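Student: Sequence:
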Amino acid sequence: VGQINEYQKHYQPLVSEHSYRWDRPEDYRSWISNVEMLRAFAFQRPLTIYDELHNIFGGSISIFPNPSSDLINLRLPWLAEHVTINIFSASGMQVRQDLFTAVDRVSINHKLDQGVYIIQVIFDHQVHSGKLIVCR
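Under our numbering, the first residue of the sequence shown carries the number 1, and numbering increases by one thereafter.
The set of hints was computed from the structure by calculation and includes no laboratory data. Small disclaimer: the values here were computed from a predicted structure and weren't measured. Glycine is no exception: its CB is placed at the ideal position from the N, C-alpha and C atoms. It cannot be assumed that every hint is accurate.
Claimed, not checked - Simulated restraints, written as ranges between beta carbons of each label pair:
hint, residue 1, residue 2, range
1, Arg21, Thr101, 27 to 37 Å
2, Gly2, Lys131, 38 to 48 Å
3, Pro77, Asn5, 18 to 28 Å
4, Gly2, Arg136, 17 to 27 Å
5, Thr48, Glu6, 12 to 22 Å
6, Glu52, Lys111, 35 to 45 Å
7, Asp104, Asp70, 21 to 31 Å
8, Asp104, Pro67, 16 to 26 Å
Based on the sequences and whatever the hints tell you, model everything.
Tutor: Structure representation (structure tokens):
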């Protein structure tokens with residue numbers, strides 16, 4: 001439901017122009033009605049709606065090259081307003097944090113010692129994590 005609220009907040013300012021241009025939805029009130037029906041469905045079937053939203057909007061991130069020697073690239077499934085990237089050692093200690101705004105791709109020159117790390121990427125109220133292998 002929180003994700004529906006986020007989408008509503010994001011798209012609401014555009015609905016009137018879209019309705020005028022394309023006649024879909026018929027008008028602003030119809031759009032609000034559709035959002036309310038979606039929200040009611042989400043309350044009744046939260047896992048179903050989560051899976052559908054994730055399938056449509058929630059692709060995974062790509063981390064490459066992996067293994068890496070000094071530079072990693074991350075590709076997000078869409079443009080994210082605020083992105084936090086945390087890197088943790090195998091023992092769980094945070095060794096690096098990077099913050100980005102309005103990105104769908106980032107490159108990080110990590111300068112980490114050889115080893116296995118956990119990389120955590122946080123954006124749009126989602127947390128993705130994966131393994132990063134550093135070879136020298």
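Student: So, for every hint listed, does it hold in this structure?
Tutor: Results for each hint:
1. Checked against the given bound of 27 to 37 Å, the beta carbons of Arg21 and Thr101, roughly 30 Å apart, stay inside it.
2. In this structure, Gly2 and Lys131 break the distance hint of 38 to 48 Å, their C-beta atoms being roughly 28 Å apart.
3. Checked against the given bound of 18 to 28 Å, the beta carbons of Pro77 and Asn5, roughly 20 Å apart, stay inside it.
4. For the pair Gly2 and Arg136, the beta carbons lie near 42 Å from each other, so the given range of 17 to 27 Å is not met.
5. For Thr48 and Glu6, the Cβ-Cβ distance of about 18 Å falls inside the hinted range of 12 to 22 Å, so the restraint holds.
6. Between Glu52 and Lys111 the CB atoms are about 41 Å apart, so this pair conforms to the stated range of 35 to 45 Å.
7. One distance hint, 21 to 31 Å for the beta-carbon pair Asp104 and Asp70, holds here, with the actual separation near 22 Å.
8. The hinted window of 16 to 26 Å between Asp104 and Pro67 holds, with their beta carbons roughly 24 Å apart.
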